[in-house]
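Protein chains: 2
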Amino acid sequence: MDWTYISEVGSHEGQDVTLKGWLYNKRSSGKLHFLLIRDGTGVIQGVVSRADVSPETFDAAGSLTQESSVEVSGRVRADARAPGGYELAVAEVKPVQIAHDYPISPKEHGVDFLMDHRHLWLRSSRQHAILRIRATIISAIRSYLDDHRFTLVDSPILTPSACEGTTTLFETTYFDEKAYLSQSGQLYLESAAMALGKVYCFGPAFRAEKSKTRRHLIEFWIVEPEAAYFEHEDNLRLQEALVSHTVQTVLRERRRELDLLERDVSKLEAVQPPFPRITYDRAIEILRERGIERTWGDDFGAPDETALANLYDRPLFIEKYPSKVKAFYMQPDPSRPELALCDDLLAPEGYGEIIGGSQRIHDLELLERRLDEHQLPREAYEWYLDLRRYGSVPHSGFGLGIERTVAWVCGLEHVRETIPFPRMLYRLYP
Amino acid sequence: MDWTYISEVGSHEGQDVTLKGWLYNKRSSGKLHFLLIRDGTGVIQGVVSRADVSPETFDAAGSLTQESSVEVSGRVRADARAPGGYELAVAEVKPVQIAHDYPISPKEHGVDFLMDHRHLWLRSSRQHAILRIRATIISAIRSYLDDHRFTLVDSPILTPSACEGTTTLFETTYFDEKAYLSQSGQLYLESAAMALGKVYCFGPAFRAEKSKTRRHLIEFWIVEPEAAYFEHEDNLRLQEALVSHTVQTVLRERRRELDLLERDVSKLEAVQPPFPRITYDRAIEILRERGIERTWGDDFGAPDETALANLYDRPLFIEKYPSKVKAFYMQPDPSRPELALCDDLLAPEGYGEIIGGSQRIHDLELLERRLDEHQLPREAYEWYLDLRRYGSVPHSGFGLGIERTVAWVCGLEHVRETIPFPRMLYRLYP
Numbered sequence: 447m448d449w450t451y452i453s454e455v456g457s458h459e460g461q462d463v464t465l466k467g468w469l470y471n472k473r474s475s476g477k478l479h480f481l482l483i484r485d486g487t488g489v490i491q492g493v494v495s496r497a498d499v500s501p502e503t504f505d506a507a508g509s510l511t512q513e514s515s516v517e518v519s520g521r522v523r524a525d526a527r528a529p530g531g532y533e534l535a536v537a538e539v540k541p542v543q544i545a546h547d548y549p550i551s552p553k554e555h556g557v558d559f560l561m562d563h564r565h566l567w568l569r570s571s572r573q574h575a576i577l578r579i580r581a582t583i584i585s586a587i588r589s590y591l592d593d594h595r596f597t598l599v600d601s602p603i604l605t606p607s608a609c610e611g612t613t614t615l616f617e618t619t620y621f622d623e624k625a626y627l628s629q630s631g632q633l634y635l636e637s638a639a640m641a642l643g644k645v646y647c648f649g650p651a652f653r654a655e656k657s658k659t660r661r662h663l664i665e666f667w668i669v670e671p672e673a674a675y676f677e678h679e680d681n682l683r684l685q686e687a688l689v690s691h692t693v694q695t696v697l698r699e700r701r702r703e704l705d706l707l708e709r710d711v712s713k714l715e716a717v718q719p720p721f722p723r724i725t726y727d728r729a730i731e732i733l734r735e736r737g738i739e740r741t742w743g744d745d746f747g748a749p750d751e752t753a754l755a756n757l758y759d760r761p762l763f764i765e766k767y768p769s770k771v772k773a774f775y776m777q778p779d780p781s782r783p784e785l786a787l788c789d790d791l792l793a794p795e796g797y798g799e800i801i802g803g804s805q806r807i808h809d810l811e812l813l814e815r816r817l818d819e820h821q822l823p824r825e826a827y828e829w830y831l832d833l834r835r836y837g838s839v840p841h842s843g844f845g846l847g848i849e850r851t852v853a854w855v856c857g858l859e860h861v862r863e864t865i866p867f868p869r870m871l872y873r874l875y876p
Numbered sequence: 447m448d449w450t451y452i453s454e455v456g457s458h459e460g461q462d463v464t465l466k467g468w469l470y471n472k473r474s475s476g477k478l479h480f481l482l483i484r485d486g487t488g489v490i491q492g493v494v495s496r497a498d499v500s501p502e503t504f505d506a507a508g509s510l511t512q513e514s515s516v517e518v519s520g521r522v523r524a525d526a527r528a529p530g531g532y533e534l535a536v537a538e539v540k541p542v543q544i545a546h547d548y549p550i551s552p553k554e555h556g557v558d559f560l561m562d563h564r565h566l567w568l569r570s571s572r573q574h575a576i577l578r579i580r581a582t583i584i585s586a587i588r589s590y591l592d593d594h595r596f597t598l599v600d601s602p603i604l605t606p607s608a609c610e611g612t613t614t615l616f617e618t619t620y621f622d623e624k625a626y627l628s629q630s631g632q633l634y635l636e637s638a639a640m641a642l643g644k645v646y647c648f649g650p651a652f653r654a655e656k657s658k659t660r661r662h663l664i665e666f667w668i669v670e671p672e673a674a675y676f677e678h679e680d681n682l683r684l685q686e687a688l689v690s691h692t693v694q695t696v697l698r699e700r701r702r703e704l705d706l707l708e709r710d711v712s713k714l715e716a717v718q719p720p721f722p723r724i725t726y727d728r729a730i731e732i733l734r735e736r737g738i739e740r741t742w743g744d745d746f747g748a749p750d751e752t753a754l755a756n757l758y759d760r761p762l763f764i765e766k767y768p769s770k771v772k773a774f775y776m777q778p779d780p781s782r783p784e785l786a787l788c789d790d791l792l793a794p795e796g797y798g799e800i801i802g803g804s805q806r807i808h809d810l811e812l813l814e815r816r817l818d819e820h821q822l823p824r825e826a827y828e829w830y831l832d833l834r835r836y837g838s839v840p841h842s843g844f845g846l847g848i849e850r851t852v853a854w855v856c857g858l859e860h861v862r863e864t865i866p867f868p869r870m871l872y873r874l875y876p
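So the sequences go chain by chain: A and B. Quick note, our numbering runs 446 ahead of the 1-based positions in the first sequence. Quick note, our numbering runs 446 ahead of the 1-based positions in the second sequence.
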């Protein structure tokens with residue numbers, strides 16, 4: 447490579463460099479063109495002075511339109527007023543391709559228009575900030591788990607049966623059989639936890655849900671740690687440690703992007719363990735105290751979650767829900783078997799559930815009974831039952847949704863901007 | 447957590463610890479039980495002496511069967527003969543669950559039997575070694591790209607159209623439309639490269655191919671870097687740097703696992719840049735010199751690749767294939783437009799293609815012509831054509847197949863053991 451990235455111009459002060467990028471914006475007078483150049487690593491202003499360059503170069507600079515691709519050479523000089531601290535005294539301008547009528551102008555566009563042009567919308571500095579924070583969240587989670595001796599175990603996407611019912615599953619034909627797109631790798635991860643102790647999977651999951659809310663995507667990414675011999679308490683500790691580490695890493699490494707998004711970082715700085723915990727029972731009481739009548743045994747809706755989470759400045763655990771509103775595989779609370787040893791972790795500021803977790807049933811007979819109660823086909827779960835036949839141990843795990851976490855950390859209204867190419871109800875393009 | 451992992455016993459020499467794991471194997475005499483305990487982080491021998499423990503504890507140790515889960519307490523002592531350097535003088539044995547008739551015994555089993563019991567087969571030390579090397583390969587690739595300022599951009603799995611034809615695609619119903627499972631994120635990545643410069647995606651991909659070879663899986667993982675302003679030469683440099691880094695990282699961090707697999711590590715130590723390069727033309731000549739007649743314009747088969755790769759001690763680039771055997775989006779070689787600026791990277795020792803890459807067409811008219819020649823529907827590619835309308839630049843990228851890389855690095859006969867739950871022709875369970 448014979449060019450310099452904008453993020454690295456600081457180490458070339460006073461030197462001549464060539465940048466390769468796109469025109470983000472331009473201001474011109476009769477004597478000067480101010481070119482705002484972006485290259486994916488940053489943005490820099492290039493100053494083209496009629497007095498200093500050939501007429502051809504000055505005209506080439508003038509010909510650049512928004513999003514034209516261009517190679518620009520010149521000398522790096524420090525400038526305290528410049529966003530990155532440097533600007534470029536341009537000596538040469540080589541247009542690569544002149545863009546005509548770029549569809550996204552600095553004026554406001556509707557969401558549908560921007561979604562239809564998602565492949566171009568990604569070029570905005572707001573989208574850069576979100577995607578970089580997303581990437582940092584993902585690498586922070588992976589590093590934390592790798593450093594704590596969790597082994598990555600990729601669970602399959604194509605599965606013969608459903609983890610939690612079949613109504614919201616995408617179906618496909620797998621040669622002579624039916625197959626479904628996975629909604630969770632958990633059951634597979636449980637078998638890996640019996641092999642490797644502490645494991646996680648991290649991949650896409652799919653929910654064919656006909657809902658259109660600001661918290662749902664059809665295709666989303668989820669990380670699912672699972673650990674042998676972890677009980678409910680160990681599970682909660684891991685969740686708060688992982689979430690805190692992730693948020694603090696973003697604060698450290700993506701401060702510029704958070705500022706660009708005008709995120710109130712004091713809200714993120716508060717995200718430190720321990721997180722507050724309330725039981726499901728207590729949550730019902732709190733809602734009632736606030737005039738929201740809920741019957742014991744109901745699950746919470748988004749407004750309930752917001753009302754509860756708003757009472758705290760950091761993520762809130764709600765633990766020990768009634769078993770009957772939760773999945774079949776959850777371990778009962780020994781002191782009150784009608785409750786499950788489970789938790790939801792609610793992000794503050796109204797972002798709702800980002801984690802669902804539980805201790806899993808390790809007793810064979812109880813698990814068989816639960817499969818029957820939930821009318822799930824025994825033969826599809828034979829391998830899963832094997833884990834309770836051969837060296838069963840207490841174990842726990844959880845799933846953390848990436849897009850909701852990104853929405854919360856970035857302070858976004860809607861999850862649609864948290865993933866490069868969102869898949870939503872009736873939206874499959876581009 | 448109130449227990450110790452086997453990988454950490456070294457820092458508890460002379461101390462009393464509790465381990466939680468499973469019985470991997472046992473030898474007994476009248477006076478002693480030697481318990482081989484595994485916990486996912488390692489294996490340690492626990493010695494239970496009738497003279498030192500209660501009769502109940504001695505009997506509990508005797509009752510343990512293969513893969514029974516157990517908590518064992520005792521004192522850590524150094525022992526140069528022990529595999530990890532330590533053994534445990536057992537004081538207490540608490541069986542968690544006694545396993546009856548564990549299906550996988552130390553005797554040989556057929557592959558189909560083991561595949562049917564994949565959820566248990568994962569507990570063998572050979573599978574541990576492979577899965578850990580897989581995890582290290584994945585984290586090494588991610589770290590390399592993150593450290594070199596590639597931004598992770600997850601491409602969608604559910605897509606409205608096909609990158610390269612529709613015959614090998616899994617189809618599903620996406621509300622009112624048809625959708626297909628992605629075979630490659632490349633086209634999406636190209637749009638992200640125009641936004642962020644250097645990007646990569648890393649996720650599962652799907653090929654509904656009715657083939658049963660030792661190199662194919664129906665569901666596989668692929669990493670796909672893509673970079674704006676990268677030309678063919680930059681692309682090859684990145685490939686050899688990434689592959690070398692990955693192999694050298696495994697050698698450094700997973701030596702014990704490679705030894706367990708009896709891998710000849712000298713073969714891996716040789717994997718250093720630069721990698722040898724030959725053109726497609728030269729490859730045809732070499733095959734002919736060896737009596738393998740190939741017509742110019744044919745693609746290579748697996749035996750051809752093996753014959754060529756065997757001539758070198760490190761991965762081999764074959765570059766500049768005839769355009770007509772390659773995908774529609776590849777940039778022509780300016781000096782010989784019937785050739786594409788593309789490459790395949792063949793792993794040595796007969797492991798075949800692990801990378802396919804190319805410079806992409808950046809000229810709008812040429813790309814439109816190619817779509818027509820390949821009879822691909824223009825409207826499905828309108829957004830992809832937009833990338834050539836608005837600030838088009840030369841750009842390149844490649845896809846590296848994870849399972850083939852794992853098979854090569856581990857020295858495995860077949861890719862089926864390189865992924866936790868392989869999806870193969872007619873195999874979707876467990």
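Calculated directly from the structure, the hints in this document are not laboratory data. From the three backbone atoms N, C-alpha and C, an ideal C-beta is built for every residue, glycine too. Incorrect hints may have been included.
Unchecked claim - To give an idea of the chain A side of the interface with chain B (calculated C-beta under 8 Å), a few residues:
no., residue
1, 565
2, 618
3, 829
4, 876
So, going through the hints one by one against the coordinates:
Hint on residue 565 (chain A) holds. Least Cβ distance to chain B is approximately 4 Å, under the 8 Å limit. Interface restraint check: residue 618 (chain A) against chain B, minimum CB-CB distance 5 Å, threshold 8 Å, status holds. With a least beta-carbon distance of about 4 Å to chain B, the hint placing residue 829 (chain A) at the interface is held under the 8 Å criterion. Look at residue 876 (chain A): its Cβ gets to within about 4 Å of chain B, closer than 8 Å, so that hint holds up.
The structure fails none of the hints (numbered hints given earlier).
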